[in-house]
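Chains as they are written, first to last, in this note's numbering: chain D, 1 to 227; chain W, 1 to 114.
Just so you know, the hints here were simulated from the structure itself, not pulled from any lab data. Ideal Cβ positions, reconstructed from N, Cα and C, are used throughout, including at glycine. There are no misleading hints in this set.
Examples of chain W residues lying across from chain D (beta carbon under 7 Å, computed):
id	residue
1	V32
2	L39
3	V70
4	L73
5	R110
For the chain D half of the interface with chain W, some residues (derived, Cβ under 8 Å), not all of them:
id	residue
6	I40
7	A55
8	P67
9	I69
10	H77
11	L92
12	G97
13	S104
14	A109
15	G113
16	L118
17	L165
18	L170
19	V187
20	A215
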Amino acid sequence: MSALVASAGIVAAYLAVVRMIRWLALPAAVSPVLVTALGIGALLAATGTPLARFAAMTMPLHLLLAPAIVALGAGVHANRATLRRAGRPLALAVTAGTASGVASAVLLARALGLGPLLTAATVTRTVSTPFAVLVQTRVGGPVSLAASLAVATGVVGAVLLPPLLKALRLGDAATLGTAAGVAAHLVGTDAVGRRDPLAAAFAGAGLVGAGILVALVVPPLWPWLAG
Amino acid sequence: MRRTAGFIASIVLLFLLARIGDAAVAAFALPVPGAGVGLAAYLVLLATGLGEGSIPAARGLAGLLGALIVPPLVGVATFAPVLAAGGWRLAAALVAGVVVTGVVTAATVRFTAR
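Using the sequences plus the hints, can you model the full thing?
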């Protein structure tokens with residue numbers, strides 16, 4: 001019961017933050033996911049609630065995540081003609097973006113001397129958490145740290161990419177959407193999708209494509225990537 | 001009343017597709033998460049013209065994705081010591097990696113279109 005109340009409270013808080021951001025006409029870089037999480041984090045710290053208890057209390061939201069990913073299919077279906085017309089650039093962009101995502105993660109981790117644990121966790125950080133967890137479990141990597149880095153990457157991308165790509169004149173729905181899906185998975189998809197359903201369809205295709213590519217390519221290359 | 005029933009049926013359908021995806025992944029040792037397989041199954045279902053009544057509910061649920069990501073983001077705090085040990089170097093790696101990935105993806109879309 002308390003789990004349902006807590007989960008409903010988080011949804012209500014999130015929707016209130018979304019409305020407040022719109023009402024104050026704040027820039028696209030203000031992420032409602034991040035604002036809500038910071039508010040709840042402060043609340044947990046103030047009340048001394050352990051994170052494990054919070055995780056148990058939000059189990060209903062965790063259970064909704066898989067059906068919500070399935071639900072992205074509705075947006076993809078509604079824009080299927082546009083997506084099909086963009087098939088070739090979309091496929092090439094997902095491939096090039098995913099390759100640069102994994103390569104930049106590994107090279108930056110090594111160049112900056114992040115150490116073996118963070119380097120291993122960083123390999124899967126450009127894909128959404130379910131994909132990251134699956135791959136890290138398969139290769140015996142640091143699963144929960146990798147999931148956290150994936151979420152953090154999504155937030156960084158959701159905050160930085162829309163203003164950056166708009167400044168580079170790469171801000172149309174197909175371009176920004178695909179980039180947000182490939183580089184910042186679900187958080188990026190949510191960020192661009194709240195403003196533009198077509199961008200959400202491209203982002204959904206991008207995040208699933210990138211996830212599948214990483215799931216196929218990373219395990220065989222693991223010793224080389226994380227070693 | 002009927003709309004509520006339809007909404008609940010749609011959410012149940014999405015849950016079932018996710019579960020079917022999980023079962024397929026377990027049965028065939030597929031290299032993708034169950035939700036990915038469920039999404040593919042949902043697209044096939046919609047392409048056949050069945051299940052189109054579930055689209056409004058699906059859009060509503062997809063619109064709540066942001067709220068669903070809040071708990072895992074709060075959970076990142078579990079790793080605060082490891083992340084703090086990474087310090088500015090970890091932050092630089094995250095930012096630079098996201099920028100490279102996003103720009104490469106966007107530039108590829110732009111310059112391979114047409």
